[in-house]
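To convert, note that position 408 of the sequence shown is 407 in numbering that gives the first Met the number 0; the numbers rise steadily by one, no gaps.
Honestly, I wouldn't trust all of these hints.
Unchecked claim - Each computed SDA-like pair below joins lysine to any residue, with the alpha-carbon atoms no more than 25 Å apart: (1) Lys274 x Gly245; (2) Lys441 x Gly169; (3) Lys96 x Glu141; (4) Lys352 x Glu384.
Unchecked claim - Simulated DEER-style distance windows between Cβ atoms: (5) Gln277 x Ile458: 49 to 59 Å; (6) Asp154 x Asp259: 23 to 33 Å; (7) Asp421 x His223: 49 to 59 Å; (8) Phe58 x Asn16: 54 to 64 Å.
FYI, nobody ran anything at the bench for these hints, they're computed from the structure.
As the structure is a prediction and not an experimental result, all values here were calculated from the model.
Just so you know, even glycine gets a beta-carbon here, dropped at the ideal spot from N, CA and C.
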Amino acid sequence: MCAGIDPRSLHNRNLMNAIEVDHATKIYRRYARRRQFATLKSALLSGTIARDLKPDETFAAVRDVSFQVPAGCTYGIIGRNGSGKSTMLKLVAGITKPTEGQVRVNGRVSALIELGAGFHPEISGRENVFINGIMLGLTKREVASRFDEIVEFADLRDFIDAPVKTYSSGMYMRLGFAVAIHVDPDVLLIDEVLAVGDEAFTHKCLDKLAEFRRRGKTILLVTHSLNLVERFCDEALWLDGGHARGAGDPRRVVAQYITDVSKSEEQQLAADDAKAQQLVATPEPPPSPVPVAPAPERVPSDEDTAEPADMFQATEGRWGSREVEITEVTLAAEDGQPGHIFEAGGRLEVRLKIRAARPTRDFVFGLGIFTADAVLVYGTNTDLEEYESDELAGDGEVRICIDRLDLVEGTYKVDVAVHKADGCPYDYHRLLYTFRVKSPTKDVGIYRPSHRWAFSPTIRFKASRRPASQG
Numbered sequence: 000m001c002a003g004i005d006p007r008s009l010h011n012r013n014l015m016n017a018i019e020v021d022h023a024t025k026i027y028r029r030y031a032r033r034r035q036f037a038t039l040k041s042a043l044l045s046g047t048i049a050r051d052l053k054p055d056e057t058f059a060a061v062r063d064v065s066f067q068v069p070a071g072c073t074y075g076i077i078g079r080n081g082s083g084k085s086t087m088l089k090l091v092a093g094i095t096k097p098t099e100g101q102v103r104v105n106g107r108v109s110a111l112i113e114l115g116a117g118f119h120p121e122i123s124g125r126e127n128v129f130i131n132g133i134m135l136g137l138t139k140r141e142v143a144s145r146f147d148e149i150v151e152f153a154d155l156r157d158f159i160d161a162p163v164k165t166y167s168s169g170m171y172m173r174l175g176f177a178v179a180i181h182v183d184p185d186v187l188l189i190d191e192v193l194a195v196g197d198e199a200f201t202h203k204c205l206d207k208l209a210e211f212r213r214r215g216k217t218i219l220l221v222t223h224s225l226n227l228v229e230r231f232c233d234e235a236l237w238l239d240g241g242h243a244r245g246a247g248d249p250r251r252v253v254a255q256y257i258t259d260v261s262k263s264e265e266q267q268l269a270a271d272d273a274k275a276q277q278l279v280a281t282p283e284p285p286p287s288p289v290p291v292a293p294a295p296e297r298v299p300s301d302e303d304t305a306e307p308a309d310m311f312q313a314t315e316g317r318w319g320s321r322e323v324e325i326t327e328v329t330l331a332a333e334d335g336q337p338g339h340i341f342e343a344g345g346r347l348e349v350r351l352k353i354r355a356a357r358p359t360r361d362f363v364f365g366l367g368i369f370t371a372d373a374v375l376v377y378g379t380n381t382d383l384e385e386y387e388s389d390e391l392a393g394d395g396e397v398r399i400c401i402d403r404l405d406l407v408e409g410t411y412k413v414d415v416a417v418h419k420a421d422g423c424p425y426d427y428h429r430l431l432y433t434f435r436v437k438s439p440t441k442d443v444g445i446y447r448p449s450h451r452w453a454f455s456p457t458i459r460f461k462a463s464r465r466p467a468s469q470g
């Protein structure tokens, strides 16, 4: 039996499946300029519309998916955009039919799938409540008896007689959700529409969903909120490209999904960095925002680059005399393996392979870390940290080891440089390397200092949902 169900709420009925999806496939036609029918008559005269389409004229939004949702369970569907989640919900709602396979639903269904679906924009919220309630299976008298509750839940008493076309997206969602839950369905289908609500209304919705679970109702939830799936769902399904990639325990399915997303992000970041590095030539750019030692007055040489009005305005690029060259840059994690995805609080090592065309005694290595929008997070160099250069010859390697990456979740850029003590660049790489920090804690800002909370005995909390290792 699913967690959170009161057996008495089932009224001694068998715990049958509320939803059964059996090898469901949904194929849509790709719309292009070719094979367009001018009229329905011409389409019918030409033969069957879908059966005769070539494979490249169709795509499968859902492909051979099977799952069951026992009555009283809360079932989550996760996946990337375009993975087939909303199509699956429409199949379960009966809005569309599967091309192949079967979908069976037992009990009264209420669906909140698309923002404002079923609302007529020209008439009032009051009239839309009655129309939608009747469409969902209630009588006019039943809608009237629940009307005040619906309006109060949606917090729209001052606007209920205004035309729905004057409503904001949040008002649309609040009214749609209020109607959907007050028809007292056996099966409630919810798409990502909760994302447009404010925080207060979202909490109200979650409280209502918890109440539904206690009453033994079945909930099918499509969402990008993985935390919501882990907290509320008894089981979960992961869809990817229309196929089922995983199903079962929500924590296990979410972990599989996160791992796959990280792999895709790793590949994308690596491809983006490689593209940026191929595009940059060796222009005459502004000097680096990586900190450099104060330079004494000197006569400019041909090696110098143009002085910018603002050194932080430089875009991604590479420049310098290349007398000393950075031949390779690698970002590595705890295990020493190169990568672009790192855990907050984990280890980051920036490795530079260096080649000097001829021996030199004047060299400084620098590092800068920036946010994705080029706000400096941290910058340092060997001169600032009082390393006095002695000799650099041939090939070598530099490693900058950051034992704790105390950054909030987000995307960051790296500058690396080797230059003279006076700032004249040998080789400067500007914003050419990207890494992403992942964290279960969704705090804000840039820097996340190690910290802890302490409370007096009069202040009590339930157990924290955050893993204890996060500090």
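Within a Cα-Cα threshold of 25 Å, do Lys96 and Glu141 meet the stated pairing? violated, 30 Å
Could one say that the CB atoms of Gln277 and Ile458 fall in the range 49 to 59 Å? holds, 56 Å
Do the alpha carbons of Lys352 and Glu384 lie within 25 Å of each other, as the hint requires? holds, 20 Å
Distance restraint hint 23 to 33 Å, applied to the beta-carbon atoms of Asp154 and Asp259: violated, 39 Å
Below or equal to 25 Å on CA atoms is what counts here, so check Lys441 against Gly169. Holds. Lys441 to Gly169 sits at ~23 Å (cutoff 25 Å).
Lying within 54 to 64 Å: is that true of the beta-carbon distance Phe58 to Asn16? violated, 29 Å
Take a quick look at whether Lys274 and Gly245 sit within 25 Å of each other, Cα to Cα. Measuring from Cα to Cα gives roughly 33 Å; hence the hint is violated.
Per the hint of 49 to 59 Å, is the separation of the Cβ atoms of Asp421 and His223 within bounds? This hint holds: roughly 51 Å between Cβ atoms.
Of the numbered hints given earlier, the model fails hints 1, 3, 6, 8; all others are met.
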